[in-house]
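Let the hints inform the model, and build the full structure from the sequences given.
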Amino acid sequence: GQQVMQIPQYQHVQEGEDFTTYCNSSTTLSNIQWYKQRPGGHPVFLIQLVKSGEVKKQKRLTFQFGEAKKNSSLHITATQTTDVGTYFCAGPQGGKLIFGQGTELSVKP
Amino acid sequence: DTAVSQTPKYLVTQMGNDKSIKCEQNLGHDTMYWYKQDSKKFLKIMFSYNNKELIINETVPNRFSPKSPDKAHLNLHINSLELGDSAVYFCASSQAASGRIYEQYFGPGTRLTVT
Numbered sequence: 001g002q003q004v005m006q007i008p009q010y011q012h013v014q015e016g017e018d019f020t021t022y023c024n025s026s027t028t029l030s031n032i033q034w035y036k037q038r039p040g041g042h043p044v045f046l047i048q049l050v051k052s053g054e055v056k057k058q059k060r061l062t063f064q065f066g067e068a069k070k071n072s073s074l075h076i077t078a079t080q081t082t083d084v085g086t087y088f089c090a091g092p093q094g095g096k097l098i099f100g101q102g103t104e105l106s107v108k109p
Numbered sequence: 001d002t003a004v005s006q007t008p009k010y011l012v013t014q015m016g017n018d019k020s021i022k023c024e025q026n027l028g029h030d031t032m033y034w035y036k037q038d039s040k041k042f043l044k045i046m047f048s049y050n051n052k053e054l055i056i057n058e059t060v061p062n063r064f065s066p067k068s069p070d071k072a073h074l075n076l077h078i079n080s081l082e083l084g085d086s087a088v089y090f091c092a093s094s095q096a097a098s099g100r101i102y103e104q105y106f107g108p109g110t111r112l113t114v115t
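From first to last, the protein sequence lines are chains A and B.
In this text, residue positions in the first sequence follow the working numbering: the first is 1, and each later residue adds one.
In this text, residue positions in the second sequence follow the working numbering: the first is 1, and each later residue adds one.
The set of hints was computed from the structure by calculation and includes no laboratory data.
Predicted, not measured: the structure shown is a model, and the values here were computed from it.
A portion of the hints provided could be inaccurate.
[Unchecked claim] Straight line, CA to CA, 25 Å or less: simulated BS3-like cross-link-like pairs of lysine-lysine:
| # | chain 1 | residue 1 | chain 2 | residue 2 |
| --- | --- | --- | --- | --- |
| 1 | B | Lys-22 | A | Lys-96 |
| 2 | B | Lys-40 | A | Lys-96 |
| 3 | A | Lys-96 | B | Lys-52 |
Written as structure tokens, this is what we have:
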């Protein structure tokens, strides 16, 4: 079955540094979604990418969908303590979302 | 107003007991889900209902029985609880899934601890 892999599993950064998490699928995806889960919270939808090579920005967050639609990345510029949490990518398969393992981001003030 | 709500938020129980978790959404969505998140934060779908009909049933032990009395509610009953059932259970909802997976809205989660 389809697998969605995310790296790194953990990332510790100093506030103000940049952060990137990468997502790779074993199969071509029709779209990819990104979610953020704060510590003790629940996953919250951030964005969906659909087109090959698509790039979308949300303030300091930049999301990319690969040309082959098998990989994606989330880049945060100048991290802040409010960025702390686990970031998940998720791809659809067979009517359900397959989530990556998540990247847990911690930010040292 | 809370979009997707779950009760209880915390559930501590002993092995062998039976327990239920309730979920309600007021978003008007047709599709609802149950996810299990283990201690390593891995999110795995358990069940999906579309307009009260079960459409996804992953390889979940039959001790887990979901029920959807109407499209705004999806409950999860667990029989004969085991230690390995300890996890956070999330309910989620989305627009109807007819070949497309829409963004999902998650409830606050129920942290189940089996002792």
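Here is how each hint holds up against the structure:
| no. | hint | in the structure |
| --- | --- | --- |
| 1 | B/Lys-22 <-> A/Lys-96 | holds, 21 Å |
| 2 | B/Lys-40 <-> A/Lys-96 | holds, 21 Å |
| 3 | A/Lys-96 <-> B/Lys-52 | holds, 16 Å |
When held up to the earlier numbered hints, the structure conflicts with none and fits them all.
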